[in-house]
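Student: What follows is the residue order along each chain.
Number of protein chains: 2
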Amino acid sequence: MSGTLYGVGVGPGNPEDLTIRALNTIKKCDLVAIPTKDKEQSHAYRIIKQAWPEIDKKEVLCLPFPMIKDKETLEAHYEELLLQVLDLLDKGKNVAFLTIGDPTVYSTYLALHKRIRREGHPAQIVSGIPSFCAVAATLQIGLSEKEQEVHIIPASYQGEDALSYSGTKIFMKSGRTLKGFIENLEKWEKNHPCEIYAVSNCGMQDEVCYDGVEELVKNKEMMPYLTTVIVKEGNKER
Amino acid sequence: MSGTLYGVGVGPGNPEDLTIRALNTIKKCDLVAIPTKDKEQSHAYRIIKQAWPEIDKKEVLCLPFPMIKDKETLEAHYEELLLQVLDLLDKGKNVAFLTIGDPTVYSTYLALHKRIRREGHPAQIVSGIPSFCAVAATLQIGLSEKEQEVHIIPASYQGEDALSYSGTKIFMKSGRTLKGFIENLEKWEKNHPCEIYAVSNCGMQDEVCYDGVEELVKNKEMMPYLTTVIVKEGNKER
Chain A
16 MSGTLYGVGV
26 GPGNPEDLTI
36 RALNTIKKCD
46 LVAIPTKDKE
56 QSHAYRIIKQ
66 AWPEIDKKEV
76 LCLPFPMIKD
86 KETLEAHYEE
96 LLLQVLDLLD
106 KGKNVAFLTI
116 GDPTVYSTYL
126 ALHKRIRREG
136 HPAQIVSGIP
146 SFCAVAATLQ
156 IGLSEKEQEV
166 HIIPASYQGE
176 DALSYSGTKI
186 FMKSGRTLKG
196 FIENLEKWEK
206 NHPCEIYAVS
216 NCGMQDEVCY
226 DGVEELVKNK
236 EMMPYLTTVI
246 VKEGNKER
Chain B
16 MSGTLYGVGV
26 GPGNPEDLTI
36 RALNTIKKCD
46 LVAIPTKDKE
56 QSHAYRIIKQ
66 AWPEIDKKEV
76 LCLPFPMIKD
86 KETLEAHYEE
96 LLLQVLDLLD
106 KGKNVAFLTI
116 GDPTVYSTYL
126 ALHKRIRREG
136 HPAQIVSGIP
146 SFCAVAATLQ
156 IGLSEKEQEV
166 HIIPASYQGE
176 DALSYSGTKI
186 FMKSGRTLKG
196 FIENLEKWEK
206 NHPCEIYAVS
216 NCGMQDEVCY
226 DGVEELVKNK
236 EMMPYLTTVI
246 VKEGNKER
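Residue numbers (my numbering), protein chains in the order written: chain A, 16 to 253; chain B, 16 to 253.
If you are wondering where the hints come from, they were derived from the structure by calculation, not from laboratory data. Keep in mind that a hint or two might mislead.
Note: identical chains are not told apart, hence a pair may lie in one copy or across any two.
[Said to hold, decoys possible] Quick list of in silico lysine-lysine cross-link-like pairs, BS3-like style, CA-CA up to 30 Å: (1) K161 - K233; (2) K161 - K235; (3) K129 - K73; (4) K108 - K235; (5) K108 - K64; (6) K52 - K73; (7) K161 - K52; (8) K129 - K233; (9) K72 - K54; (10) K72 - K106; (11) K72 - K161; (12) K42 - K235.
The shape of chain A in the complex, shown without the other chains (with noise of 0.2 Å):
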């Protein structure tokens, strides 16, 4: 009988965000794989030992997802992890493959979980929570209320358009183009009133908070990948 993959979020970055399903999940699989080339370079490896230290003991895969936009060179680097997600399912082994934040949100585990289902092989997804909720709750606000839209947009995003969405804008991982990003910001708000704030490795231990386009201007040089902006239509009320 074919073991299966589990897909297993971790939440963000503090441990207590783990939820009961993901550490039953990592305790019960056989093997616990990551998206990266070693233990020491996996933010959700780190979370889930400062939980559940044993996760030690487990035997880890590493399947290092390369961050390339070549396609064929992609789909060949996929096709080698598949095969070796597939041995391991064949001998009956059950897998957590970690992921930060929630595996439906952008998350690399995503095309790993089709590759498997496509197979005939069984994958689960194990809901974690998703970086932007824990953002708004260290910023202690509210990311919708009533009738409010919110749209979450990628990490690559450049452009105005999404800006004028309604409601509340969330912008995920903006790595390398968040400085672009916040320069457009700051142009736009000056005619639209809105709330901004920023975290940057929410729930880590560096983790740092913006509340305001001036603070997010005056570090925009030195944000790391993980940094969530929040822009909330109207003006502030707190």
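Fit chain B to the given chain A structure using the hints.
Tutor: The following block gives chain B in isolation, referenced to the frame of chain A:
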């Protein structure tokens, strides 16, 4: 010294989706507050009870939030709830207000949170798995990959505008407006390649999943309040 109000997200329904922090917060608080007139009516209370039956020994404060839209009546009601909570905080009590899903996404807790902070008392948000993440996990689908945007549209939505957003659209707690929405969706999808799913009472014992617009149309008369509809741009690939 003032007690603290905690808005605790308990996830959408399955007790295993509770976070370590949510459970610890409830355990350490002096009282548990729920937005219904008794324990039996509270989904959130039932979720905790399955994970931690000892909750029955906690003192429970019932703060029923009326489902009304008249602003003045609502304000007067909130004011009354506020005074009850303030009185407890002034006595140094810590209060865990339970809310299904995540407290930052369309929760009744947010109104109380803002008022308590405005009065200078401490209030903190404890993240929970939002229903739409659990819904995607149940359906075994991703919400967003690569450049895809995600749009979360609240209950009362009726028009066609939100359907034209790119990427993934999540329609939350569609309630009484669901039937009309499904009728719109049925017309709309004829000219727009998309995948359509829904989950009712996600994570609960009476959870139901729907795949494809035909299943939604067939069941539109009997779908419960806690129904989430997901519309993903593009043709199905699984």
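Student: The structure should be examined with respect to each hint, and the outcome stated for every one.
Tutor: Here is what the structure says about each hint:
Taking the shortest alpha-carbon separations for K161 and K233, only the inter-copy value of 29 Å comes in at or below 30 Å, while the best intra-copy value is 33 Å. Taking the shortest alpha-carbon separations for K161 and K235, only the inter-copy value of 23 Å comes in at or below 30 Å, while the best intra-copy value is 33 Å. In this assembly of identical chains, K129 and K73 lie within 30 Å of each other by CA distance solely inside one copy; the values are 25 Å within and 44 Å between copies. In this homomeric assembly, K108 and K235 never come within 30 Å of each other (Cα to Cα): the closest approach is 45 Å inside a single copy and 41 Å across copies.
For a Cα distance limit of 30 Å, the shortest separation of K108 from K64 inside one copy, 22 Å, qualifies, whereas the shortest one across copies, 33 Å, does not. Taking CA atoms no more than 30 Å apart as the test, K52 paired with K73 passes inside one copy only; the shortest distance there is 16 Å, against 47 Å between copies. Proximity of K161 and K52 under a CA criterion of 30 Å is satisfied inter-copy only: 22 Å between copies versus 44 Å inside one chain copy. Proximity of K129 and K233 under a CA criterion of 30 Å is satisfied inter-copy only: 28 Å between copies versus 42 Å inside one chain copy.
For the homomeric pair K72 and K54, the shortest alpha-carbon distance inside one copy (12 Å) is at most 30 Å, but the shortest distance between copies (42 Å) is not. For a Cα distance limit of 30 Å, the shortest separation of K72 from K106 inside one copy, 20 Å, qualifies, whereas the shortest one across copies, 47 Å, does not. Taking the shortest alpha-carbon separations for K72 and K161, neither the intra-copy value of 47 Å nor the inter-copy value of 34 Å comes in at or below 30 Å. Taking CA atoms no more than 30 Å apart as the test, K42 paired with K235 passes in neither setting, with 40 Å inside one copy and 41 Å between copies.
Of the numbered hints listed earlier, those contradicted by the structure are 4, 11 and 12.
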